[in-house]
Amino acid sequence: MKLKIVVLFTLIAGFVFVLNPMAIDARGGLEIGATVENFSLADTDGAARSLNDLKGKNGTLVVWLSAQCPVVKGYKDRINEIAAAYRAKGIAFVGINSNATEDLNWVRSNKAEFGYNFPVLIDKGNVLADKWGASVTPEVYYLDAKNVLLYHGAIDNDRSGKNITEQYLKTAFDSSLAGKPIAKTRANAFGCTIKKTGESN
Amino acid sequence: MMYNFSFSSNGTKTAVAGWVFVLVLSATAFGQTKRPVKQPSRAPVSKAAPVKAVLPPDAPTVTLVDDLAFRKILVPNGKPLMINFWATWCGPCREEFPDLVKLDGEFKGKIDFITVSLDEQEELTAGVPKFLFEMKAKMPTYLLVTPDEEAAIAAVSKEWAGALPLTVIYDPKGAVAYFRQGKVKPEDVRIELNKLLTADGPVVTAVP
Chain E
1 MKLKIVVLFT LIAGFVFVLN PMAIDARGGL EIGATVENFS LADTDGAARS LNDLKGKNGT
61 LVVWLSAQCP VVKGYKDRIN EIAAAYRAKG IAFVGINSNA TEDLNWVRSN KAEFGYNFPV
121 LIDKGNVLAD KWGASVTPEV YYLDAKNVLL YHGAIDNDRS GKNITEQYLK TAFDSSLAGK
181 PIAKTRANAF GCTIKKTGES N
Chain S
1 MMYNFSFSSN GTKTAVAGWV FVLVLSATAF GQTKRPVKQP SRAPVSKAAP VKAVLPPDAP
61 TVTLVDDLAF RKILVPNGKP LMINFWATWC GPCREEFPDL VKLDGEFKGK IDFITVSLDE
121 QEELTAGVPK FLFEMKAKMP TYLLVTPDEE AAIAAVSKEW AGALPLTVIY DPKGAVAYFR
181 QGKVKPEDVR IELNKLLTAD GPVVTAVP
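One line per chain: the protein sequences are E and S, in this order.
According to the working numbering, the first sequence is numbered sequentially starting from 1.
According to the working numbering, the second sequence is numbered sequentially starting from 1.
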C-alpha cells in the first residue's frame, strides 16, 4: 500500500515536471528543476559567449554581479575562491552584469579590479535577468551539465563574512558532485537591487 | 566617505573635532546625485570604540531587533503599515530617503511608517542614527540582526529575493498592498496610501 502511494506520487511529480519544464517560481523566476535555454551574450571584450560553450563538465555557476554594489564587493574574494576551487572539480563560473547604470568600461575595469577569474557577460536591456527572474546582486544559479537548475539564491548566510554558518552554494556543489540530492535548493539574502532599463535607477 | 576617527586618550576632543568635520563634509556633499557610500569593512571593528560620542545628543535612537521581535513589527496596528528596508551602504536607499521623509510628513498619524536597517550591528549607534539625523528622519527605525535572513525575507513577502531598497505597504489586515524593490516612486506610494485610507468604511475585524 505504502509502495503504491510512493509510486503514484512519483508518477504525478514526474508528469507535472515533464509538462512544465520551464516552471516559474513565486517571484516570476526559474523554478528548481527547470531546464535553462542556452543563451549567448557579449563578454567584457565584446566576444559572444554562450552558456553551452562556457559550461563545465559538472555544470555551471551563473552569478549576477554589480560593479558598484558593496555586498558584491564584500563577496568578491569568496566568489573568486569558490570559483577557483570548483573549476578544478568541473564547474565553470560565468558572471552576468544586467545593471543599466553600469556601462561596459566600468564593468570591464571592475572585473580587473576585483580579479574575477571567469568571464563576465553583459546582459544589455536585462533580458536574461528578466527571463530568469534575477533581481538582486549577488545572486547565483547553479546548473548541472544538462542546464537543469539545481540551486538558486545566496552564496552563504553572512554578507560580512564574519559569522557564516551556512555555506549554501558550497554545500549544493558538494552534494551534487557526490551524487547526492541537494538539501537546500533555495536561499535568499539581502543584497543590491539590479538596476533595470527604464527604471528610475 | 571614510571618516578617520581616532580613539586615543583624548578621545572626546578628537571625536568632537571628528563630528564637526563630518558636518562640514555632509553639508558639502548634499545636493550631489552620487554620494560615495560607506563600504562595509571586513576588518575587525573594535567594540570598545566610543562611537556614540560623535553623535549629536538629539540623534534618533535605533532599536535592535532579532528574528522574533522583527516578526512583531511586521504586524499592522489598525492602520496601513509602510516599511522601508535599507542600509547605509546601499546607494539607492540613501538617494530615496528624502522622498521617504517627505512621505512620512504627509501621512503622519494616518499610517504607521517604520524603517528597517540591514546594516552591521556596529552601526546601531553610529552610521544609522547619524544618517537619520542628517535626513531629519522621524520614522521609528529598527536594525535587524538575524542568523536566518532567509526566514526574515520570506516573512516580509514571498516575492522578495532580498534586494535593497524594498518598500512594502501592508493594509490594516496585513495583506501586501504595495511592493517596490528599488527606489520608490513617491506618486505611486501616495496613490496607494490614499486608496487604503479612503477604502469603504472602517476596517472590519473578524469575530472569533
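Some hints here could point you the wrong way.
[Said to hold, decoys possible] Below, a list of computed lysine to any residue pairs in the SDA-like style, where the Cα atoms sit at most 20 Å apart:
1) K73/E / T44/E
2) K184/E / E150/S
3) K158/S / T185/E
4) K184/E / K158/S
5) K158/S / A85/E
6) K158/S / D130/E
7) K162/E / E122/S
8) K158/S / N157/E
9) K196/E / E122/S
10) K158/S / I32/E
11) K158/S / E31/E
12) K170/E / L64/S
13) K162/E / D66/S
14) K196/E / D58/S
15) K73/E / E31/E
16) K162/E / P186/S
17) K162/E / D148/S
18) K162/E / G78/S
19) K162/E / L64/S
20) K136/S / I114/S
21) K131/E / D148/S
Think of the hints as simulated: they come from the structure by calculation, not from any bench.
Computed from a predicted structure; not experimentally measured.
For each hint, the structure was consulted:
Of the pairs offered as hints, the one joining K73/E and T44/E holds, with about 18 Å between alpha carbons and a cut-off of 20 Å not exceeded. Using a Cα cut-off of 20 Å, the hinted pair K184/E and E150/S holds, with the two alpha carbons roughly 11 Å apart. With a CA separation close to 16 Å, the supplied pair K158/S and T185/E stays within the 20 Å bound. A C-alpha spacing of about 17 Å is found between K184/E and K158/S, which places the hinted pair at or below 20 Å, so the restraint holds.
Annotation: proposed proximity of K158/S to A85/E is violated, straight-line Cα distance about 33 Å (limit 20 Å). For the hint pairing K158/S with D130/E, the CA-to-CA distance comes to about 17 Å; that is within 20 Å, so the pair holds. For a cut-off of 20 Å, the pair hint linking K162/E to E122/S stands: about 13 Å separates their Cα positions. Among the hinted pairs, K158/S with N157/E is consistent with the structure: their alpha-carbon atoms are about 18 Å apart, no more than 20 Å.
A C-alpha spacing of about 32 Å is found between K196/E and E122/S, which places the hinted pair above 20 Å, so the restraint is violated. At roughly 16 Å between alpha-carbon atoms, K158/S and I32/E fall within 20 Å of each other, so this suggested pair holds. Under the criterion of a C-alpha separation no larger than 20 Å, the hint pairing K158/S with E31/E is consistent with the structure, at around 14 Å. A distance of roughly 31 Å separates the Cα atoms of K170/E and L64/S; the hinted pair therefore is violated under the 20 Å criterion.
Taking the CA atoms of K162/E and D66/S, the gap is near 18 Å; set against the 20 Å cutoff, the hint holds. Proposed proximity of K196/E and D58/S is contradicted: the alpha carbons are some 39 Å apart, above 20 Å. The hinted pair formed by K73/E and E31/E fails the criterion: a straight-line CA distance of about 27 Å is larger than 20 Å. About 37 Å separates the Cα atoms of K162/E and P186/S, which puts this hinted pair outside 20 Å; it is violated.
Proposed proximity of K162/E and D148/S is supported: the alpha carbons are some 14 Å apart, at most 20 Å. Among the hinted pairs, K162/E with G78/S is inconsistent with the structure: their alpha-carbon atoms are about 40 Å apart, more than 20 Å. In summary, the hint linking K162/E to L64/S is supported, as the alpha carbons are separated by about 19 Å, within the 20 Å threshold. For a cut-off of 20 Å, the pair hint linking K136/S to I114/S stands: about 14 Å separates their Cα positions.
As the CA atoms of K131/E and D148/S are separated by approximately 28 Å, the hinted pair breaks the 20 Å bound.
In the structure shown, a violation is registered for the earlier hints numbered 5, 9, 12, 14, 15, 16, 18, 21, in ascending order.
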